[in-house]
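Chemist: Generate the whole structure from the sequences, applying the supplied hints.
As a plain string of letters, each chain reads:
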Amino acid sequence: MAVTKVVMPKLSEAMESGKIIKWLKKEGDRIQGGDILAEVETDKADVEMEAFGGGVLRKILAPAGETVPVGVLIGVIAEPGDDVAALIASAPAPAPARAGASALAVAAPSTPAPTPTGSPRPPAVAPAPMRPSPVTSAPAAAVAAQPSGGRVKASPLAKKIAAQTGVDLRLLQGSGPGGRIVRRDVETAGAAPAAMRAVPDAEFEDRPLSQMRAAIARQMPLSKAPVPHFYVTNEVAMDRAWELREELNALEGQPKISLNDLVIRACALALMTHPGVNASLQGDAIRVFHRAHIGIAVALEEGLITPVLRDCHAKSLAQIADESRDLAARARVRKLRAQELSGATFSISNLGMFDVAEFSAIINPPEGAILAVGSVRRVPVVDEAGLGVGRRMALTISCDHRVMDGAMGARFLQDVKRLLEEPLRLLI
Amino acid sequence: MNHKVDVAIVGTGPGGYVAAIRCAQLGLTVGVVEDDRPGGVCLNWGCIPTKALLRNAEVVSLLGRAAEFGIRLSGFEVNYAEAIQRSRRVADRMAKGVEFLFRKNKITLFPGRGTLKSKNVVEVKGTSGVETLEARAVILATGSEPKSLPGVAIDEKTVISSTGAVRNERAPKSLAIIGAGAVGVEFADVYAAYGVQVTLLEALPRIVPLEDEEVAKELTRTFTRRGITVKTGVKVASAKPGGPGLVVETDDGKLEVEQVLMAVGRAAKVTGLGLEAVGVQLERGFVKVSPLMETSVKGLYAIGDMAGAPLLAHKAMAEGVVAAESIAGRAPRPLDYGNIPSCTYCRPQIASIGSSEARAREQGRDVTVGKFPFTASGKAVALGETEGFVKVVADKATGELLGVHIVGPEATEIIHEFAVGRTLEATLEEIIHTIHAHPTLSEAALEATLAALGQAIHI
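Which chain is which? The protein sequence lines are A and B, in order.
Quick note: the first sequence, position 126, residue 126 per my numbering, numbers continuous.
Quick note: the second sequence, position 327, residue 327 per my numbering, numbers continuous.
You may find that some hints are simply not true.
Unchecked claim - Each computed DSS-like pair below joins lysine-lysine, with the alpha-carbon atoms no more than 30 angstroms apart:
| no. | chain 1 | residue 1 | chain 2 | residue 2 |
| --- | --- | --- | --- | --- |
| 1 | B | Lys125 | B | Lys96 |
| 2 | B | Lys4 | B | Lys298 |
| 3 | A | Lys256 | A | Lys335 |
| 4 | A | Lys159 | B | Lys371 |
| 5 | A | Lys256 | A | Lys153 |
| 6 | B | Lys288 | B | Lys269 |
| 7 | B | Lys119 | B | Lys288 |
| 8 | B | Lys157 | B | Lys269 |
| 9 | B | Lys119 | B | Lys254 |
| 10 | A | Lys159 | B | Lys396 |
| 11 | B | Lys147 | B | Lys240 |
| 12 | B | Lys96 | B | Lys269 |
| 13 | B | Lys231 | B | Lys51 |
| 14 | B | Lys147 | B | Lys173 |
| 15 | B | Lys4 | B | Lys119 |
| 16 | B | Lys157 | B | Lys231 |
| 17 | A | Lys25 | B | Lys269 |
| 18 | A | Lys153 | B | Lys231 |
| 19 | A | Lys315 | A | Lys335 |
| 20 | B | Lys298 | A | Lys26 |
| 21 | B | Lys298 | A | Lys25 |
| 22 | B | Lys254 | A | Lys26 |
| 23 | B | Lys269 | B | Lys147 |
| 24 | B | Lys254 | B | Lys231 |
| 25 | A | Lys26 | B | Lys119 |
| 26 | B | Lys298 | A | Lys22 |
I should point out that these hints are in silico values taken from the structure, not numbers from a laboratory.
Modeler: Structure, rendered in structure tokens:
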């Protein structure tokens, strides 16, 4: 029987349960392997859940809004002729599971499977399907979405309208064949009105914690209290970096480079020469990483998320610019893939856009350090020529004192400063 | 006798037979009910036999132009009865083809008249008695029949319908055609080629009223030149015996003709099917259906002409596929009713898709229009078929193909690149970046598209 069980995927190490935000397919829809079935809210992000087998989505067992433990059956994909009644009946009734509750609590079916007496054939579920089952075999479970590559599938007309109305196609779900973005998708996205704010009557309201807020509330004390932080601050002259960026952005056909992209590149290079900062305490050993996977904090309405830009040490400025923009854009619409949410060896948090002089950040364990980036400000400076105006930016690194010492952090920061002050090094 | 099938289909026109074959392909057992030859109006009395007659008309007119090609004929004779006979042979052959396809797909044909006894039981009254078909799903595909006007009754002798016209072996001396839609102008073409004095009467301000205004103007021009009398904005009050056969009274005076051909449209065949008894809802004379072709009664489907406009065979076929796949649990994609090509096979041919220029402007679109005449097409000049043009209507800002209107040689073949283009949401740019072979009539499609961007090369 070519039946694909759709189960709540484990989308991150810590994930115990996920909430179905919405089903993008409905019962009776024809599914191809790779189609996005539903959006799932985990403690870290909203993740698209991909189908791993083809057929018709015969049954949805967990409606939108339901929170389901990892591994529990939430849907069934099969050919119309396949008998899935027994499978559906054997599924546990999706019990609401709170984040943090034991994932295994729902292992036993809460409704017994109906055992037909006499006739072994249970009644057909839906009246429509009559086709004898064709051959297809499918893996048993649907898991995390695969990276689908950078190409956006959109019709030429959709692309034009998007370009004219400023709709970012990468953020849209296509409703055309094979998920192709067509005109109506772009028009719907463009027409979505800004949320209206009603004036509330009550004095206050208690907002339930979103999965993300709950995760932050749970994690932060564990980050701050057990990890002895120390902070080192440095000021960087950004005049040349500023000029370089302007020059780069004047080049045709090149991605626009942000200041943060320069900082990412500088950190990636410095981490290679200061592996002690690219390190993590692992029980009785310090794990020193050979690659720089940098977490980039992105502020969201309801919290904060830190998608990971992998192998920054091996990426050009242009690559970093392209990929970090893509990550941030998808983070904002909560369309990150599971593998983009873990595995950072170092993080950067930039509040420069909020006109912040300087601040310090909380380390995201098990990482050993995080860099807090302030705004580039025009300030009076004194040099050999006397008093002048210069661009300055404050960098504050928070370090795990169990992993490194003050001097180590300071030397790393010095190197980041040198790279930014002699920014041609970033292009080599 | 009672038969059990997965799907029972009433009617074997282009909707019914395509639905039957698609059901069979999907592994369902199918019984089809037909009280005429398989193939419906399309194959037997409509599309196919008229195309055979129009080909005859084309050959006759080419023979008349032989001298233009340096061929001297010492006269030739045409025989209308033989033209009709040829068209019957063509229709017979195609109907036999449907019978073959039924056998090939193991579809059982139940000759006789089908009536719904319940939502899933069809009673068939045939020459050999009454049989019943019990099905898990039923598709109704009974089609449509010619309409008339009050005061003019179709008797198929002096007042004929298209069904009578394709059987009528004797061409009248004079003929009034009431209604200048696709059917009216096609018969005007055929009869005029065989020397009949044709008067085309249309109540609306122009002939082929569903087509773009410029297309109608071009057709009027060529028809008039060929000796067809075109009267628009004329309402017919009655047609009574008198004169050479009939006296047609209009609000623009009297007209004496030997015969009248009624071509004012078609009405869905929805009576005598037992629709009321099972609770099928109608809407303006047509069966109301969902986007997946299901009627208001679950498990009962309706497709083709009876399920609403446009009354076109290709729309019926596409609906047949949707109904079949829906019954088989395939979740088909519903039809895009805004993207169905419309084709008329008079000379010059007419083909269109999407909105007319006027309609696009009414909808408030800022449009750009590109036009290319076949007089500037090398292939058309070589063929000696230079009437007409291709007209492309597009959105000025995005280049969206809002509508395409072609009048001219093989217009009905040229239209499809725009149908594909619109399905893929191509814009003007994608068409112009598609290299068109030279010399072809389709180059006119490219040039009209270029013209919409102000870049036409050959004009």
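Chemist: Hints first: check each against the structure and report whether it holds.
Modeler: Here is what the structure says about each hint:
no.: 1; hint: B:Lys125 <-> B:Lys96; result: 22 angstroms, holds
no.: 2; hint: B:Lys4 <-> B:Lys298; result: 19 angstroms, holds
no.: 3; hint: A:Lys256 <-> A:Lys335; result: 22 angstroms, holds
no.: 4; hint: A:Lys159 <-> B:Lys371; result: 26 angstroms, holds
no.: 5; hint: A:Lys256 <-> A:Lys153; result: 23 angstroms, holds
no.: 6; hint: B:Lys288 <-> B:Lys269; result: 13 angstroms, holds
no.: 7; hint: B:Lys119 <-> B:Lys288; result: 15 angstroms, holds
no.: 8; hint: B:Lys157 <-> B:Lys269; result: 22 angstroms, holds
no.: 9; hint: B:Lys119 <-> B:Lys254; result: 50 angstroms, violated
no.: 10; hint: A:Lys159 <-> B:Lys396; result: 15 angstroms, holds
no.: 11; hint: B:Lys147 <-> B:Lys240; result: 18 angstroms, holds
no.: 12; hint: B:Lys96 <-> B:Lys269; result: 24 angstroms, holds
no.: 13; hint: B:Lys231 <-> B:Lys51; result: 25 angstroms, holds
no.: 14; hint: B:Lys147 <-> B:Lys173; result: 24 angstroms, holds
no.: 15; hint: B:Lys4 <-> B:Lys119; result: 14 angstroms, holds
no.: 16; hint: B:Lys157 <-> B:Lys231; result: 24 angstroms, holds
no.: 17; hint: A:Lys25 <-> B:Lys269; result: 37 angstroms, violated
no.: 18; hint: A:Lys153 <-> B:Lys231; result: 52 angstroms, violated
no.: 19; hint: A:Lys315 <-> A:Lys335; result: 23 angstroms, holds
no.: 20; hint: B:Lys298 <-> A:Lys26; result: 19 angstroms, holds
no.: 21; hint: B:Lys298 <-> A:Lys25; result: 22 angstroms, holds
no.: 22; hint: B:Lys254 <-> A:Lys26; result: 63 angstroms, violated
no.: 23; hint: B:Lys269 <-> B:Lys147; result: 11 angstroms, holds
no.: 24; hint: B:Lys254 <-> B:Lys231; result: 12 angstroms, holds
no.: 25; hint: A:Lys26 <-> B:Lys119; result: 27 angstroms, holds
no.: 26; hint: B:Lys298 <-> A:Lys22; result: 28 angstroms, holds
This entry does not satisfy hints 9, 17, 18, 22, going by the numbered hints stated previously.
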